[in-house]
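**Student:** For reference, the chains in residue letters:
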Amino acid sequence: MNLEKVMDIKNFSFTYAGAEKPSLKNINLPIYYKKVTALIGPSGCGKSTLLRSLNRIHDLYPGNKYEGEILLKDLETGKMENILEYKKENELIKLRQRVGMIFQKPTPFPMSIYDNIAYGLRLMGKKNKAELDEKVEEALKGAALWNEVKDRLKDDARGLSGGQQQRLCIARAIAVEPEVLLMDEPTSALDPISTLAIEELVTKLKDKVTIVIVTHNMQQASRVSDFTAYMYLGELVEFGTTEQIFLNPQKKHTADYIAGKFG
Amino acid sequence: MRLIINKIVLLLSTLAAILGLVFLFWILITLTIKGISAINLHIFTNDLVNNGLRNLLVGQFVLAFIAVIIGVPIGMVAGIYLQEYSFGNKYAEFIRNLSDVMMSAPSIVIGTFVYAIIVSPVGHMNGWAGAIALAIMMIPIVVRTTDDMLGLVPKELREAGVAIGAPKYKVIFDIVIKAAKVGIMTGLLLAFARIVGETAPLLFTSGNSEYFTLNLNHEFPSLTVAIYTLATMPDKSLVDIAWAGAFLLTLFVLIINLLGRFVIKEKKK
Amino acid sequence: MEAFFKRLSALSATTILLILTSIFVVLFLYAKPAIEAYGLKFLVDPRWDVVITPQKATSAPKKTENLGGVNVDNEDDIPTVNIPKQNQKINVQEDDLGDIPTPASTTKVNTQDDDLAGVNVQEEDLGISAPTQNTQPQKQKVIYGGLVPIVGTILSTALAMIFAVPIAMGIAIFLSEIAPPFISKPVGIAIELLAAIPSIIYGMWGLFYFGPFISHIFGGGSVSLLVAGLVLGIMIIPFMASLTRDSMKTTPDVLKESAYAMGATKFEVIKDVIFPYAKKGIIGSMILALGRALGETMAVAFVIGGVFTFPHKLTDPTVSIPVVLANNFAESSGMSLSALFYLALILFVISFIVISFAKFYFLRDKK
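Chains as they are written, first to last, in the numbering used here: chain L, 1 to 263; chain A, 1001 to 1269; chain D, 2001 to 2367.
Hints are all accurate, no fakes.
Derived pair list, reagent style BS3-like, types lysine-lysine, alpha-carbon separation capped at 25 Å:
#1 L:Lys105 - A:Lys1178
#2 D:Lys2266 - A:Lys1007
#3 L:Lys126 - A:Lys1168
#4 D:Lys2279 - A:Lys1007
#5 L:Lys10 - L:Lys21
Source of the hints: derived by calculation from the structure; they are not laboratory data.
Chain L extracted, bound-state conformation (with noise of 0.2 Å):
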């Protein structure tokens, strides 16, 4: 297997504002280009955490430590950079230009379907109206939505039901051609087949976008992963290949939460 590293997480730490100890102890995991790794673990294990820590939205609210290094790998150059060190406002706007991010809630934005989509190709400076449009398209096929919406692009996103909400989501996120695509238990506020419909459609993009998505959902894990990070209590406890962390855990605890026995 010709693995890539995209991204590489060193010795990094997180503390919430506020806290007196760390939410993230020294983690080291590497993410591996154009295949999906899933952060599992259960409740107030820090994957959430880590995960937001990628795109470092926790920037959002002030006041939270970082230690260690997150390094993204700069695709013109080969170069690895820390983007701990982005301190100004247009380096983070790029850097989740590069890092989308789909919540666990579908959020999509008051204005049309159209207008959701290529709200981040306006913000990145396009213009052009046939190239949005073609850019948008492309979209909403990625997202398998196209068929569903083609004939009503001018209507409120809001109007559209909850698994097609998170879809619009995806495309939204994969219309500025990110090079990683993070996802916060994308499908634990959809119904089941909305959530079959989003696993396959993960299981499709890893070919064009590195995927890490946090699931509470074991099954879900092993379904659509390829690369498995099993976490408690802040600390990443294993990692590996999916197939090697479900059938062959090598530590006890690991085998343990696979097995259902807690969490």
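Go by the hints and put chains A and D onto chain L.
**Tutor:** Structure of chains A and D alone, referenced to chain L:
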């Protein structure tokens, strides 16, 4: 025994509610009867100098409108600060509470304040002073509305905006405010209804004028101030005009309030 | 752009602080002449716009007793005052503000009345001052004292509260605990509409309908302290009822249900569960309504009578601070204007304290 006390209390409470309704209907009915009987085409096509209400109606709206233009931007941006930029720090809490205090400040005191800073230096009453007094009253209401409505928007929506690479101010304007649009508009509408019915802040800032004028540099016609002066006149025909004005004012205010509630209810569906 | 907007919004928020402080500062500055002239006596002096002809003092230092117990020990600065009433002399007492220098040319006259209408008679003065009665004609001095409007404000507000609180509580109880939804909805809307009616309407209705009604029942004029208090009360009922009802609604259902399950009557649940739980909000709303009532102008101006005297009975006319301001401001200037600002300042400070108390103590915003 306990049951008797219970029944008595419940009875008294119901009586209290009935009493409240009695007052409401008494007021509205007398207002409507006196008001409608004094309404005719004449009062809409003539100004106060000819025993009409035209200049007063226009004037009151102009003043309230200018107050909106001044007060809403200041209030909204302050509300945005409280909700989006302050993260619950002490200063923001302080301002929030201060704004609420200001909301209940005596309106006549605000009139004296504006008199001191505008009317006194200028030398005479003027419409700008009245509009500014109304604006000062409007600001805390707008702050409260904006603050509350923005607070209802779920934080995931903001995070999603940031996650796609939007700078914070764009997230606020393109996404958050849009999401809260209905609530904010209703709040502003209700605030407008509140200040359009104010009298005290106008009494010695913009005063009143009998003529139709749009010149804000001098005394400016005001429906509410006129009602106050007319109602105590010995001439009955003038008092009737006051009733007509009072009726129109109340009608307007109540319609807006009902409209606001209706809109909110529609939104909730 | 981002940084700019961030600063702009902080600036906007600070505007509120600025406005509030400016109000206080400006009122104080404009009131300063009156404050210096009358000091704290202003709060207890019942005279308004009363002209005094002061007299120059004799050179002999007088140590006269003052029933208020304050020493008068100024020499030529303290003139005796001749109020056209035989040979009575009034004790002159310096400002409480202590050492405010009296400019040589004008004579400052402050009188302290222990009982508000009386005059202190000092035998000693009688003899001394008589010969000085015919000295140079002095400038006339006008006295302003705010006691009457202050008392009017306090009494009318107190009356309003006494009337409004039980009724508002009753309405709140009715709406939240008694009425079934198909009644509580429209009645609730009716109450909120009442709250939206401009206060001037209450004033007009009070003047033409409610006032005569009250005078019919209680006697007295159709404009009086009583009418004003009642109209003011009616005006604050919807406000208080809404806030109280909202507070009561925050009581968790489980609490109420457990009380009912133990066999409590509705009244007992209200008394022992809801009210204690919602206590802060309810008291806060009452104090807030009190603050509103203190500063209300229009509802009161029509029906309080506008007469600058003490009400000796409830059905007498009188004034309140906002009414004095409303009626006198436009034509005032000089010291009378300053006295009005003094009154405005007093009102502002009182209502600010009351409302802040309600807000910071009871109705803290927990965000």
